[in-house]
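Go by the hints and put chain W onto chain B.
Number of protein chains: 2
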Amino acid sequence: MTDVATGAVPLARVLRGGIVESVHLGHVVVLAPDGEVRLALGEPDVTVLARSSLKPLQAVGMLRHGLRVDDRALALACASHNAEPEHVAGVRALLADAGLTERDLDNTPDWPLDPDAAFAWRAAGHDRAPVTQNCSGKHAAMLATCVAAGWPTAGYRGEDHPLQRALRAAVAELTGVAVERTTIDGCGAPLFSTTLVGLARAFARLARAPHDEGHAGTPEARVAAAMAAHPWLVAGAGRDATRFMQAVPGLVAKDGADGVYAAGLPDGGAVALKVLDGSARPRAAVLAAALVAAGVDRGAVGPVGATPVLGHGEPVGSVEPAF
Amino acid sequence: MTDVATGAVPLARVLRGGIVESVHLGHVVVLAPDGEVRLALGEPDVTVLARSSLKPLQAVGMLRHGLRVDDRALALACASHNAEPEHVAGVRALLADAGLTERDLDNTPDWPLDPDAAFAWRAAGHDRAPVTQNCSGKHAAMLATCVAAGWPTAGYRGEDHPLQRALRAAVAELTGVAVERTTIDGCGAPLFSTTLVGLARAFARLARAPHDEGHAGTPEARVAAAMAAHPWLVAGAGRDATRFMQAVPGLVAKDGADGVYAAGLPDGGAVALKVLDGSARPRAAVLAAALVAAGVDRGAVGPVGATPVLGHGEPVGSVEPAF
Numbered sequence: 640m641t642d643v644a645t646g647a648v649p650l651a652r653v654l655r656g657g658i659v660e661s662v663h664l665g666h667v668v669v670l671a672p673d674g675e676v677r678l679a680l681g682e683p684d685v686t687v688l689a690r691s692s693l694k695p696l697q698a699v700g701m702l703r704h705g706l707r708v709d710d711r712a713l714a715l716a717c718a719s720h721n722a723e724p725e726h727v728a729g730v731r732a733l734l735a736d737a738g739l740t741e742r743d744l745d746n747t748p749d750w751p752l753d754p755d756a757a758f759a760w761r762a763a764g765h766d767r768a769p770v771t772q773n774c775s776g777k778h779a780a781m782l783a784t785c786v787a788a789g790w791p792t793a794g795y796r797g798e799d800h801p802l803q804r805a806l807r808a809a810v811a812e813l814t815g816v817a818v819e820r821t822t823i824d825g826c827g828a829p830l831f832s833t834t835l836v837g838l839a840r841a842f843a844r845l846a847r848a849p850h851d852e853g854h855a856g857t858p859e860a861r862v863a864a865a866m867a868a869h870p871w872l873v874a875g876a877g878r879d880a881t882r883f884m885q886a887v888p889g890l891v892a893k894d895g896a897d898g899v900y901a902a903g904l905p906d907g908g909a910v911a912l913k914v915l916d917g918s919a920r921p922r923a924a925v926l927a928a929a930l931v932a933a934g935v936d937r938g939a940v941g942p943v944g945a946t947p948v949l950g951h952g953e954p955v956g957s958v959e960p961a962f
Numbered sequence: 640m641t642d643v644a645t646g647a648v649p650l651a652r653v654l655r656g657g658i659v660e661s662v663h664l665g666h667v668v669v670l671a672p673d674g675e676v677r678l679a680l681g682e683p684d685v686t687v688l689a690r691s692s693l694k695p696l697q698a699v700g701m702l703r704h705g706l707r708v709d710d711r712a713l714a715l716a717c718a719s720h721n722a723e724p725e726h727v728a729g730v731r732a733l734l735a736d737a738g739l740t741e742r743d744l745d746n747t748p749d750w751p752l753d754p755d756a757a758f759a760w761r762a763a764g765h766d767r768a769p770v771t772q773n774c775s776g777k778h779a780a781m782l783a784t785c786v787a788a789g790w791p792t793a794g795y796r797g798e799d800h801p802l803q804r805a806l807r808a809a810v811a812e813l814t815g816v817a818v819e820r821t822t823i824d825g826c827g828a829p830l831f832s833t834t835l836v837g838l839a840r841a842f843a844r845l846a847r848a849p850h851d852e853g854h855a856g857t858p859e860a861r862v863a864a865a866m867a868a869h870p871w872l873v874a875g876a877g878r879d880a881t882r883f884m885q886a887v888p889g890l891v892a893k894d895g896a897d898g899v900y901a902a903g904l905p906d907g908g909a910v911a912l913k914v915l916d917g918s919a920r921p922r923a924a925v926l927a928a929a930l931v932a933a934g935v936d937r938g939a940v941g942p943v944g945a946t947p948v949l950g951h952g953e954p955v956g957s958v959e960p961a962f
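In order, the protein sequences belong to chains B and W.
Taken in order, the first sequence gives residues 640 to 962; the numbers are from our numbering.
Taken in order, the second sequence gives residues 640 to 962; the numbers are from our numbering.
This is chain B alone, in the form it adopts within the complex:
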């Protein structure tokens, strides 16, 4: 394992009135379509807990073990959704199609991520709930996979449950990196360690799959196509993961807690980044800059990456990539 702080470099500066108020360090790796490292800031081999950026990889593992869902449900399996009403309805439908209900979910109860959705949920008299927690699509798909594979749904979050062993194997295979450590994610699911460059490799593989001859219908191709076709289901209103995928056809992008972002391009290029301090603030600006380094048109992703710093509600500065 290479400690996450190893070789971290400045990724973005936060400017207020021309003064550097804060600085975010971290690591970025950009892969060329041939898999070579095109750009590395910091250390591509650091160990990262990729959090929700692992969801598309876990979804590949679920498909490999019999999960049968349409593209919308598959996008929700990969989502850190806002719990807007359509997200919640989609998760309930995913469960119902497997003969389950939200009482089978064992993820951590939470409010919807989206502030308006959270207000409406609470105003309707509801408490924090598993179905409104942003990972509920993943958990619903995990349960549906258990049903399809003939595994018990009870205890599906356990590190030694056959489902989790299978997903761990999928993450290792797709990243090309052995899972050295397993811990527990915020939602309660097992969380597998990987490396930043391994994460980028996995996203390159996913995003290219729908466009590679002979790969149509593979789990990798299905996950990538579902995310690219339903970017709103993967996150929601105003979210930059949604906006990046809307801006770049075929892009497969997934944010993860504690400063992680990964994105694959249809040509097999890819980006992965880890903000050392875990902040979400610089992620969009840094991802946009990294995608430009990967060959994406700046005009397409620049507006998504733009992150103003506000004074009295008006821009008085911005988060500026350091590269």
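Simulated from the structure, these hints should not be mistaken for lab results.
There's no promise every hint is true.
If we take Cβ atoms under 8 Å as the criterion, some of the chain W residues that face chain B in the derived model are [to be verified]:
no.	residue
1	659
2	747
3	761
4	818
5	822
6	898
7	917
8	955
We put the CB at the ideal spot given by N, CA and C, even for glycine.
Same frame as chain B, now just chain W:
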């Protein structure tokens, strides 16, 4: 000016399941009662935008120019309050005592910081409002100072308004550092640059004042006594600034946006810290460790600094100070 990134060192590590998930860099300075630097991590002379940690200094400036308020209103002038009902009522009373109303406030409208207060405010049909923005006590006190000094209340936020010139002079005098740059804070008020060690010096001066012979009733002593006596008004339910002051008699502690914290002790010791990345996450843990270095009992502040990392709602790690 010394760029804020200069010489930054690790202040805290975020551990999940024994794995280092994230690391926060930054600067900490601890002053001994005689004003000497007892501990310096990073560079004490970096330029910082101390944000709301400047409020107690600004309040001293207001008292020097005629602001007449009781200790509760003074604590609110220094507050980044939660906008719980008692905070909002206190701000309205502060305005009313000066013959003003919340329509005179020109700070940025916002929801209450406290989630329950925010829900209740919105459920009552209100929109984001200046009075519920966390700086409304400061703005109300600024307006009341204008009334007392015979300055126009209109345009009170302007950098060249006599109020703001006076507060800038107070900040420079209390920190012992010339204000090199002025920008705009989130709330719309002018924001004056200073240095980390200057901020610590100012808090040392404030916190010692009530206990120094011949200083009773000075603006410095009044601000310190008001904050120490009314820690709940300075922040609110669950907030660590409130809890630190409740835990340590005579402590004067104030958090500021983008990773700032400053605290003064009755003996004249003081602490100031800046998290380079601007995150609030490690602030309490780092402040607790720094207060211990300043001579405070670990048993008093340790529980306030304890910052668990959660998996499925249970601690699976913690934010650990690096010193």
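Status of each hint after checking the structure:
no. : hint : result
1   : 659  : 5 Å, holds
2   : 747  : 5 Å, holds
3   : 761  : 6 Å, holds
4   : 818  : 12 Å, violated
5   : 822  : 3 Å, holds
6   : 898  : 7 Å, holds
7   : 917  : 4 Å, holds
8   : 955  : 5 Å, holds
Checked against the numbered hints above, the structure breaks only hint 4 and satisfies the rest.
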